[in-house]
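Okay, here's what each chain looks like letter by letter:
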Amino acid sequence: MSRHRAAALAFVAVLLPLQAGAAEQVNVYTYRETKLVQPLFDAFTKDTGIAVNVISASSGLEQRIKAEGANSPADVLLTVDIGRIDEAVQAGITQPIKSAVIDETVPPRYRDPDGHWAGISMRARVIYASKERVKQNAITYEELADPKWKGKICIRSGQHIYNNALFAAYVAKYGEEKAEAWLRGLKANLAQKPSGGDRETARDVAAGKCDLGIGNTYYWALMMNGDPDKKPWAEATRVILPTFEGGGTHVNLSGVLLAKNAPNKDNGVKLIEWLAGEKAQQIYADANYEYPIRPGVPLNPTIASYGRLTADPLPIAKIAAQRKAASTLVDKVGFDN
Amino acid sequence: MPGTRLGVTVRVRHPPMASLHDRPAFEEQRLRRLSKHEASSRHILVRNAAARLLTMRASVRASRVEFIALGIALLVGLMVAAPVISLAVTALQPAVDIWPHLLAYVLPQSLRDTALLLAGVGTLTLLIGAGTAWLVSSHDFPGRALLIWLLPLPLAVPTYLSAYVYVDLFEPLGLAHRTLTLLMPAAEAVHWLPHLRSLPGAVLLLALVLYPYVFLSARAVFQAQSADAIEAARTLGAGRFTILRRVILPMARPALAVGVALAALETLNDIGASEYLGVRTLTVSVFSTWLNRGSLAGAAQLSLVLLGFAALLITVERIGRRNANVEFSAENPRLRPRTKLAGLKGSLAFAACLLPALLGFIVPAAYLLGESLRRSLAGRIDPSLWRDALHTVTLASIATALALMLGLIVILAARWRPSRTATAAVSVAQLGYALPGLVLALGLLAPLLALDGAIATFAQSIGLASPGLLLMSSGGAVIAAYVIRFLAVPTGLLKAGFERIPRDYDDSARAAGASRLVTLAKIDLPLLKPALLGAAILVFVDCLKELPATLLLRPLNVDTLSTSIYQYASRGSFEEGALAALIIVAASIPPVIWLTRFSDLPE
Chain A
1 MSRHRAAALA FVAVLLPLQA GAAEQVNVYT YRETKLVQPL FDAFTKDTGI AVNVISASSG
61 LEQRIKAEGA NSPADVLLTV DIGRIDEAVQ AGITQPIKSA VIDETVPPRY RDPDGHWAGI
121 SMRARVIYAS KERVKQNAIT YEELADPKWK GKICIRSGQH IYNNALFAAY VAKYGEEKAE
181 AWLRGLKANL AQKPSGGDRE TARDVAAGKC DLGIGNTYYW ALMMNGDPDK KPWAEATRVI
241 LPTFEGGGTH VNLSGVLLAK NAPNKDNGVK LIEWLAGEKA QQIYADANYE YPIRPGVPLN
301 PTIASYGRLT ADPLPIAKIA AQRKAASTLV DKVGFDN
Chain B
1 MPGTRLGVTV RVRHPPMASL HDRPAFEEQR LRRLSKHEAS SRHILVRNAA ARLLTMRASV
61 RASRVEFIAL GIALLVGLMV AAPVISLAVT ALQPAVDIWP HLLAYVLPQS LRDTALLLAG
121 VGTLTLLIGA GTAWLVSSHD FPGRALLIWL LPLPLAVPTY LSAYVYVDLF EPLGLAHRTL
181 TLLMPAAEAV HWLPHLRSLP GAVLLLALVL YPYVFLSARA VFQAQSADAI EAARTLGAGR
241 FTILRRVILP MARPALAVGV ALAALETLND IGASEYLGVR TLTVSVFSTW LNRGSLAGAA
301 QLSLVLLGFA ALLITVERIG RRNANVEFSA ENPRLRPRTK LAGLKGSLAF AACLLPALLG
361 FIVPAAYLLG ESLRRSLAGR IDPSLWRDAL HTVTLASIAT ALALMLGLIV ILAARWRPSR
421 TATAAVSVAQ LGYALPGLVL ALGLLAPLLA LDGAIATFAQ SIGLASPGLL LMSSGGAVIA
481 AYVIRFLAVP TGLLKAGFER IPRDYDDSAR AAGASRLVTL AKIDLPLLKP ALLGAAILVF
541 VDCLKELPAT LLLRPLNVDT LSTSIYQYAS RGSFEEGALA ALIIVAASIP PVIWLTRFSD
601 LPE
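Top to bottom, those sequences are chains A and B. Going by UniProt numbering, the first residue of the first sequence is number 1, and it counts up by one from there. Going by UniProt numbering, the first residue of the second sequence is number 1, and it counts up by one from there.
Honestly, the hints are just simulated from the structure, not real lab data. Given the structure is predicted, the values throughout are model-derived calculations rather than measurements. Glycine included, C-beta positions come from ideal geometry on N, C-alpha and C. Among the clues, some could well be false.
[Unchecked claim] Output of the computed footprint for chain B on chain A, the stretches with three or more beta carbons under 8 Å from beta carbons of chain B:
#1 61-74
#2 187-197
#3 296-310
[Claimed, not checked] Sample of chain A residues facing chain B (criterion: CB under 10 Å; computed from the structure):
#4 E33
#5 P39
#6 K46
#7 D47
#8 H116
#9 E200
#10 N225
#11 K260
#12 P263
#13 G334
#14 D336
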C-alpha cells in the first residue's frame, strides 16, 4: 500500500505545477505558434512580474473554452485571424475589454465597437510571384480568375482560415454569385490540388510548379531571414501586394479577446494593454514580421520592401459575417478536390 | 501497439486439465453414463457435497474482494463506453443548419476517400505482409534471419512521421529533387517527382508502415504449417503455387483478416498523415466540421459514421481471431521444412523482402537521424524539447500504470467470479482501441467536463476555493484518453497470461486457506511478470506516439513530443522536430523487437 501512496504523491507533485499556482498568473489560449509568442510573454513577465501560462493549438480553442464553461481557466484568447475572433464572439465566450489604453491606441477600424476584441497586429494576403516568369509588378485579386493564368497558380486549402477570410472579403464586396464565379475561375487556374501551407506554396513557385502563389506577408519574410535552407525559395520569388479593383489589399488581424469567465481578469486586461504597447508592437514588427497596429511603430525592413500597404477599407465585422458563406462556396465549387 | 491483439496463438493440444471445479461435475457425468447403480451415485453425491462445502467456505470469505473487483470492472466498462454514449447523445442534437451541407458536399467525398484509402491500404498491406511472411517462413535464403527482425520494424514509425518524412524527401527542392537536378534541369526534374500528397500517395505511405500487422499475423500461421496437409496435396499432384493458393492461403485466411483489420483500424485512427497528404477521410472531416464549421453535433454525427466503419472492422477481426488458432498435435509436431533458395532466386527473395523494410523503416529512421545530427551540430536544438519529453514521459508513465492496474482488475473479476457481466466488461474494455483518438477525445469532453463541474461544485459547497477544471488542467483528461484507448493491451496480454496458469494453482492455494489477494500476490503476479512487462512496454510506447487525443485534451503549458512535431509540420518546418521524432522511433524499437520474439515459434 505504501508503494501506492508514494505513487499518488508523485502524481500530485508532478502535475500540480501544471495547474495555476499561487503567484500572479494569466492564462493565455493562443493560436500563435509558441515559438513566436514566447519572447512576447517572457518580456511581459519581466516587465510586470506576472507569469504567463500558455496553451497553443492550431485549431479548436474557442470550442474548447466554450465546452469548459464557467470553470474555464482561460483569461485571454490570442488569435491569428478574424474568423477566430468572430467565432469566439459568436460562441459567447468573451466579455468587453474596458480599457482606455486600447481605445486610444488601436484605430477604431481594427477593434470591436462593443469592446469584445481588439486587433494587435496585421498581416496581408499577398502574391509570391516567380522572379523569372512573371514580369508584372501589380495585380488584382479579380485577375486571379483570368484564364491567362491557367495552370499557373498555387494556393493552400480553400477551407484554411486565411483563405476563408480572403474569400469572405470577396463575398462581402461582390455578393455570393460573383464570388462563386470567381472561385470557379480561380480553381480552374490552379496548377495542382490545394495542399500544404503558405511555405509550400512559395517552394512550389521557386521550383517552377507554378508562377503565382498566394500566401501571407510574414511567411516570405521568415523564409528570407530564417532557416538558410529556405532562403532560396524566397529569393526565387518576389512579393506583390495585390489589391481589389476598388483599391486596397486584403488584410487580416491578429486579435485578442478577454474570456467571459476569466479567473484572472485584471491580469488579462494588463496583458492586453501591454500587447498594444510600444515594446510589444516592436517585437511584433521585428520578430514576427507583422504590421503593427499601433501607429508610429516602424516596420521591419523586409516588410517595408514589399511597398506601401493600403489596407482594404471594408470593416472587419462585415468580412467576418461572410465566412460561412465563403466556406460553403468552397465546398460547392469543389475547390479542394 | 496492438500487436498483442494479433492474438493468433498456436496451441499444442494437451489432454484437458481437470480442476477442482470441474472434477465433480465431470466425473459425475462419466459415472452416470457408465453405471446407473444407486450405490455409485450415493458415493458421488457424498464426494460432491464435500467438494462444494470446501469451495463454498472459501468463496464466502473471498466474496468481498471479488465484488469490489467486479464493481471496478463494471466501472471500467462504463468508462470505455462513456465516449461513445456521449457522442451518440451529442449527435442526437439537431444540427439542422449544417447537416444538409454535410450531406451534399462533405459526406460523399469523405466516404469515398475513406473507402478508397481503406481498400488500398488493405490490399497493399495484404500483398506486402503476406508475401514477405510467406517468403520468410517457407523458404531459406541468405539474410533470412536478419529479415525476420527487420521486417516488423516499420511498426516503430507512427503514420504521421512516415508522411512528414517522405513529403520532405520528395517535394520540390527536397533531397530527391536536388539529386535529380544533378542529371537534368530543375524545372524538368520537378515533373519526375511522385505526387505523394494524394490518395495513392497516402495509400502507399500508410501501407509501408502498417504492413507489419499482416506480416506478424501471417508469419504466426505460416511458421506452424503442418507438413501433413501440404504433403497430402503434393501426393495428389499439386504444384508449389497451387499448394499456396488452395491449401496454405485458405488456412491462413483468418489470420490475414485479423492483420488487415488491424491495419485498417490504424488507418481510420490516423489524422496527421491524412490531413497532411490532403486526403479528406472521415476522421479529417470530423475534425474540420467541429473546428472550421463550428458544429459539435455535426462532428458527432460524422463520428458515429466513422464508428460504424470501425465496428465492421472489429467484427471482421473478432471472427478472424476465433478461427485463427492453429492447432497441431503435440505428439508429432512435423513442421514443414523450408525450401532452399540459392543464387539468383535467393538474392531476389532477399531484395523483395528488404524493400518494404527499407522504405518503411530504414529510410525514415536514417532521415531523422541525419536531420537530428545536422541540427545538433549546428546547435539548433529547441530547448523546449527536453521539457516536452518530460511531459510525454510523465503522462505516458501514469497512463501505463493505470492501464495495467485496471486491466489486471478487469481480468481478475472475470477469472474469480465468471459471469456474463464480467465477461461483458472484459469485452467492452478491449474495444477502446477501435475508437479513433480524435473521436475518443471529442466524446470524452462532455463527461470529463461534467465531472470537473461536479468536483468544483462539491469543493465550493464544502468551503474550498474552486479548483477550476481539475481533470482537464492536470492532464487527467489526456491520461483518461490513453487508458481507454490502450486498455486492450494489458487485458489481452494478461488474459493470455492467465490462461497459461492452471486453475489448479488457485484452487490449491484456496484449499490451503490463502485469500484471493494473497494468491494473487504470491502466485499469479510472479507468473505473470513477462505479460505485465510486455504490456507495460507496449502501452508506454503507444502513449508516446499518440497524437489526436493529446492535441485536443492537453492542459496549459503542456506539449508532448508528438504534438510538438505536429505543430512544426503544420508550419511547414517539420525538420525542426526531427530529434523529437527520432526519440519516438528509437523508443518504439524495443517493443517491436519484443513483439517479434513473443510471436516467434522456437525453432
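Comparing the hints with the structure gives:
1. 61-74: Three-residue rule met by the segment 61-74 of chain A, so holds; n is 9.
2. 187-197: Coverage by chain B holds here, the residue count being 6 at a Cβ distance below 8 Å.
3. 296-310: With 0 residues close enough to chain B, the hint is violated.
4. E33: Cβ of E33(A) sits 6 Å from chain B, so the hint holds.
5. P39: 13 Å, violated
6. K46: 18 Å, violated
7. D47: With Cβ-Cβ at 20 Å, over 10 Å, it is violated.
8. H116: 17 Å, violated
9. E200: Where the cut-off is 10 Å and the nearest Cβ of chain B is about 6 Å from E200(A), the hint holds.
10. N225: 14 Å, violated
11. K260: Given a least distance of 15 Å, the restraint on K260(A) is violated.
12. P263: 7 Å, holds
13. G334: OK, holds: G334(A) within 10 Å of chain B, min 8 Å.
14. D336: This interface hint holds because 7 Å falls under the 10 Å limit.
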